[in-house]
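Construct the entire structure; sequences and hints are all you get.
Residue numbers (this note's numbering), protein chains in the order written: chain A, 1 to 289; chain B, 1 to 253; chain C, 1 to 282.
Hints are supplied without guarantee of correctness; some may be wrong.
[To be verified] Subject to a maximum C-alpha distance of 27 Å in a straight line, what follows is the list of computed DSSO-like cross-link-like pairs (lysine-lysine): (1) B:Lys198 <-> B:Lys118; (2) B:Lys95 <-> C:Lys165; (3) B:Lys115 <-> C:Lys191; (4) C:Lys127 <-> A:Lys163; (5) A:Lys285 <-> B:Lys240; (6) A:Lys11 <-> B:Lys95.
None of these hints come from the bench; they were simulated from the model.
Given the structure is predicted, the values throughout are model-derived calculations rather than measurements.
Listed here are the chains, written in short residue letters.
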Amino acid sequence: MPEPTSTNRLKTQRRGFAVFTAAALIILLALAAIIFFMSSRGIKVLSWEFITQPPKKGMTEGGVFPAIVGTFLLGLGAMLSALPIGVLAAVYLTEFSRPGRFVSLVRIGVNTLAGMPSIVFGLFGFAFFVKALGLGVSVLSGALTLGAMSLPIIISVSEEALKTVPMTFREASLSLGATRWRTTLKVVLPNAVGGIITGAILAMGRAVGETAPIIFTAATFYTRRLPASPFDEVMALPFHIYGLVTEGLYPEKQLPIAFGSALILMIIVLSLSGFGIFWRYKIRKRRVW
Amino acid sequence: MNPSGTIEVENFSLCYSDKPAVKDVNLRFPERKITAVMGPSGCGKSTLLRSINRMNDLIAGVKTRGKILFDGENIYDSGADIYRLRRRIGMVFQKPNPFPMTIFDNIAYGIRIHKLAKGAELSRRVESALSAVNLLDEVSDRLNRSAMELSGGQQQRLCIARALAAEPEVLLLDEPTSALDPISADKIECLLQEFVGKLTVIIVTHNVAQAARVAEYSGFMMLGEMVDFGPTKELFTNPKNRLTECYLNGKFG
Amino acid sequence: MAKWSLGIIAGFSLFLLAAITVMLFAEAFPFFRDYSLYDFLLGRYWRPVDEPPLFGLLPLLWGSLLVTVIAMLFALPLGICTALYFAGVAPAWVREVFKPIVELLGSIPSVVYGLFGLAVLAPFAQKVFSLPIGQCAAVAGLTLGLMAVPIVVSVSEDALSSVPKALIEASHALGATRWETLMRVVFPAAKSGIIAGVLLSFGRAIGETMTVLMVAGGAAQITASPFAPVRPITFTIAAEMGETPVGSPHYHSLFAIGAVLFVITLGINILANKYARANLDK
Numbered sequence: 001m002p003e004p005t006s007t008n009r010l011k012t013q014r015r016g017f018a019v020f021t022a023a024a025l026i027i028l029l030a031l032a033a034i035i036f037f038m039s040s041r042g043i044k045v046l047s048w049e050f051i052t053q054p055p056k057k058g059m060t061e062g063g064v065f066p067a068i069v070g071t072f073l074l075g076l077g078a079m080l081s082a083l084p085i086g087v088l089a090a091v092y093l094t095e096f097s098r099p100g101r102f103v104s105l106v107r108i109g110v111n112t113l114a115g116m117p118s119i120v121f122g123l124f125g126f127a128f129f130v131k132a133l134g135l136g137v138s139v140l141s142g143a144l145t146l147g148a149m150s151l152p153i154i155i156s157v158s159e160e161a162l163k164t165v166p167m168t169f170r171e172a173s174l175s176l177g178a179t180r181w182r183t184t185l186k187v188v189l190p191n192a193v194g195g196i197i198t199g200a201i202l203a204m205g206r207a208v209g210e211t212a213p214i215i216f217t218a219a220t221f222y223t224r225r226l227p228a229s230p231f232d233e234v235m236a237l238p239f240h241i242y243g244l245v246t247e248g249l250y251p252e253k254q255l256p257i258a259f260g261s262a263l264i265l266m267i268i269v270l271s272l273s274g275f276g277i278f279w280r281y282k283i284r285k286r287r288v289w
Numbered sequence: 001m002n003p004s005g006t007i008e009v010e011n012f013s014l015c016y017s018d019k020p021a022v023k024d025v026n027l028r029f030p031e032r033k034i035t036a037v038m039g040p041s042g043c044g045k046s047t048l049l050r051s052i053n054r055m056n057d058l059i060a061g062v063k064t065r066g067k068i069l070f071d072g073e074n075i076y077d078s079g080a081d082i083y084r085l086r087r088r089i090g091m092v093f094q095k096p097n098p099f100p101m102t103i104f105d106n107i108a109y110g111i112r113i114h115k116l117a118k119g120a121e122l123s124r125r126v127e128s129a130l131s132a133v134n135l136l137d138e139v140s141d142r143l144n145r146s147a148m149e150l151s152g153g154q155q156q157r158l159c160i161a162r163a164l165a166a167e168p169e170v171l172l173l174d175e176p177t178s179a180l181d182p183i184s185a186d187k188i189e190c191l192l193q194e195f196v197g198k199l200t201v202i203i204v205t206h207n208v209a210q211a212a213r214v215a216e217y218s219g220f221m222m223l224g225e226m227v228d229f230g231p232t233k234e235l236f237t238n239p240k241n242r243l244t245e246c247y248l249n250g251k252f253g
Numbered sequence: 001m002a003k004w005s006l007g008i009i010a011g012f013s014l015f016l017l018a019a020i021t022v023m024l025f026a027e028a029f030p031f032f033r034d035y036s037l038y039d040f041l042l043g044r045y046w047r048p049v050d051e052p053p054l055f056g057l058l059p060l061l062w063g064s065l066l067v068t069v070i071a072m073l074f075a076l077p078l079g080i081c082t083a084l085y086f087a088g089v090a091p092a093w094v095r096e097v098f099k100p101i102v103e104l105l106g107s108i109p110s111v112v113y114g115l116f117g118l119a120v121l122a123p124f125a126q127k128v129f130s131l132p133i134g135q136c137a138a139v140a141g142l143t144l145g146l147m148a149v150p151i152v153v154s155v156s157e158d159a160l161s162s163v164p165k166a167l168i169e170a171s172h173a174l175g176a177t178r179w180e181t182l183m184r185v186v187f188p189a190a191k192s193g194i195i196a197g198v199l200l201s202f203g204r205a206i207g208e209t210m211t212v213l214m215v216a217g218g219a220a221q222i223t224a225s226p227f228a229p230v231r232p233i234t235f236t237i238a239a240e241m242g243e244t245p246v247g248s249p250h251y252h253s254l255f256a257i258g259a260v261l262f263v264i265t266l267g268i269n270i271l272a273n274k275y276a277r278a279n280l281d282k
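Here it is in C-alpha cells:
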C-alpha cells in the first residue's frame, strides 16, 4: 500500500496556525485600540497648562499638576521604604541562607504577599498606618502601603538579579580569602545592581498606577495644593481619574480631564515599565560573561 | 525485510549562515549495515548526520548544496515530503529525550501521527518495538507510567524503540551512548548488531573503540571533509590518510 | 552576625504577612459580636444602611465570581491561543518584538482600563443590548478580561518556551509537523505551567478593584443575567469604606468581606504555586 503523503496533515497545520494567528491579532488589535482610543481622547486636553497648573473651578478646568507630583511622591516613598528591605532580604536568600524551613517559609510568605489583592493592602494600610499608628490619611501612610505591596516584587526581581551573577565570581573572591559579606559587597552586588534598579523601576511603575491601596490611606479628591508635609493628604493621578468620573458634578467637563489624566498616567507608567522591561531583556541576553 | 535503505551523498556541502560545516562530501552508506562516522568535535559529523533526515531545516540560516539520495531520490528536491522522510529515517540523539508522557504514548507517538495503526494493532506494535530493544520485560508492568521514571540507559533504549515503532528503513544515531554509563552503553552496542540486515544504521561517535566494535564500515571526518572512508578493518589497520592514522592513535581528538 | 541581621530583614516579609492577617481579622472580628457568622456567610441580601442592616455575603461573592468567570471566558482562550502563536507559530522576530509589548500592556493601570470600560464599553453595551444601564457584569467581565490577557499570554508563553528543545527535536525527528509537535508535545509538557498562570490570573482578576468599581454597576443581587449590574466584594469595600463611621458594624463588615477575599486569593495562590512547582520539577 503506498503511504499517503502529508498533505492532509499540513492542511490541519495551516488551519490550526490560522486560529492561533487570529487570536494573537485580535488581542494585539484590541489592546492597540484601547491605547489609541485613550491617547486620542487624552491628547485633546493635554497642554503645558494641564501639566503645570492645579485644578480650577471645582475640578472642571485647569490642570493636574498636584496629582502628578503626588503620584511621584507616593511612588518614590514606596520605593524608599521597600527597596532597602527588599534588596537585603534578597541578599539573605541568595547569598547567606541555606535551604531549610525558615527559607521556604519566607518564600511562601513572599509568594502569598505577591498574590494578595491590592484592596487588601488598602484595608491593612488603613487599619494599621492610618489608624493604629495614627499617621492619618497622608503621603506617608500611602507610600508605606504601596511599599508593602511592592516588597514581594522587589524581593523576587532582586533575587533574579543576584542569581545572574556567576558562581565562579563568588568562588574566585572566596578563594582569595574574602569573607562572604565582603564578597557580596564587592563582587556580587556591583554586578547585580543593574538588574536590581531595573526591578525597582518596574515595581515603581506598578505602584504609581495603583488606586485601591491609596483610596483610604493617602488620596484625596478635594484638594488643590501640594502636600506640605508627609502627614498631609495628597492628590494622585489614578485616584483623580476615578474621582472625576464617579464623584464629579459636571461630567461633560470632567470626563475630558479624566482622559487627559489617564494619558499622563499611562505615559508615566508605560515609560517606567517600558524602561524596566527593555533593560530586563537586555540583561537576560547579556548573560554571557 | 525492507527492500532498500540506501543513502548516497553526492557533492554535499552545508553551511550555517556562511560558516561551512560540511564540505563536498561524497559517499554511499552501505545498506542494512552499520556505518560509523568518526572525527574530532566540530568536524561536521553530526551536521552530516542531521542532513540525512533534514533536521538542519529547523535551524535558521542553513544552506545546502549537492544531493543526498535516499533510495535514488534526492531528499533536498523541492517536492520532497520531509515528514514521510523522517518517518523512514529514524534518529536517536546524544542525550535520551523521552517525552514527558507514559512509556506507551512515547512509543505510540510516531505510529499515531503517521496513522500507521490503531487499537489492538497499535498495542501490538508498541510491544514489539519495546521487545526489539529488549526493554519489554523491564517495563511490561508499567507501560502507563511516565517514561521519565526510567534510568538513563532505559530511556535511551526507549528512544530507539520510539524511532523503530515508526518502521524506518534507516536509523541515525548521534553519539547515542556518550551520556550513558558503560553497562548501558554496552547494551545499546549489542542491540545495534541485531539491526544488521534489517536497517541501514549510521552512528556518529567520537569514540574510536566504539566504531571498531560496532561498525562494519567507518568514515573519518576532519574540518567538514570526509577524509577517509572504507571497511572498518581496513581503515583501522591501514589508513589511507595520515590524519586518520594520527586520530586513531590518539594524537588528537 | 551579618547573616543573622539579614535573616531578620528577610523575615520581615513574614512579619508583614502576619501583620496584614492579624489586622484584617482583628478588624473583622468585632463584626461577629453583633452579627451571626451564619447570617453573614449565607445571607442573600447586602443592605448595610437598612434598619436593621443586612450583611449577606452571597450577592457580593456572586458578583465577584460572575465577573471573574466572564473575564476568564474571554481571556483564557484568546490568551492561551496567543501564547501558542508566540511559542509555536510566530517567526522569531515577531516574538522578540511583540512579547515585550504584550508584557508592557500588562502594566497599564487598572484605573485606565476602568475608564475605557466606563466611557466606551458600557455605553456601547447599553446601546446594542438596549440595557437600562451599561455598567453590568458582562461589561465588567470583558474589561477585566482585557486586563488579564497580558498576564495569561506572558505566563503561558514562558511555560511553553521553557519546554526543552530536545523534546521538540525528538518530535520532528519522528516526522511530526510543527503543529503536531506544538499540540502533542509542547502544549502537554507546559500544561502545569499554564495552569499555574491561569490560576494566577484568576486570583488577580477576583481581587481587582478599580475596573469593577467603575463598570460593574453596583447592585448587590444574585442574578443569572450577565447584563445585570453586580456588586463584587472589591467594589463593596472600595465604595463603602469612605462612607461609614470607623468602628461601626458596617465598618467591621467591610473587613470581614476583605478577610473572605483574602482567604479566596490565598487558596488560589497556594494551588497556583503547587502547579508552578510541578512545572519546575519536570
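Hinted pair lysine 95 of chain B and lysine 165 of chain C, Cα distance within 27 Å: holds (12 Å)
Distance restraint between lysine 115 of chain B and lysine 191 of chain C, which requires alpha-carbon spacing of 27 Å or less: It holds: about 25 Å lies between the C-alpha atoms, which stays within 27 Å.
Hint consistency between lysine 11 of chain A and lysine 95 of chain B [alpha-carbon to alpha-carbon, up to 27 Å]: Outside the cut-off at roughly 33 Å; violated.
Hinted pair lysine 127 of chain C and lysine 163 of chain A, Cα distance within 27 Å: Status violated; Cα separation ~54 Å.
Given pair status - lysine 118 of chain B, lysine 198 of chain B, alpha carbons within 27 Å: holds (24 Å)
Proposed proximity, lysine 240 of chain B with lysine 285 of chain A (alpha carbon, max 27 Å): Judged against 27 Å, a Cα distance of about 47 Å means the pair is violated.
Going down the numbered hints, you'll see the structure goes against 4, 5, 6, while the others check out.
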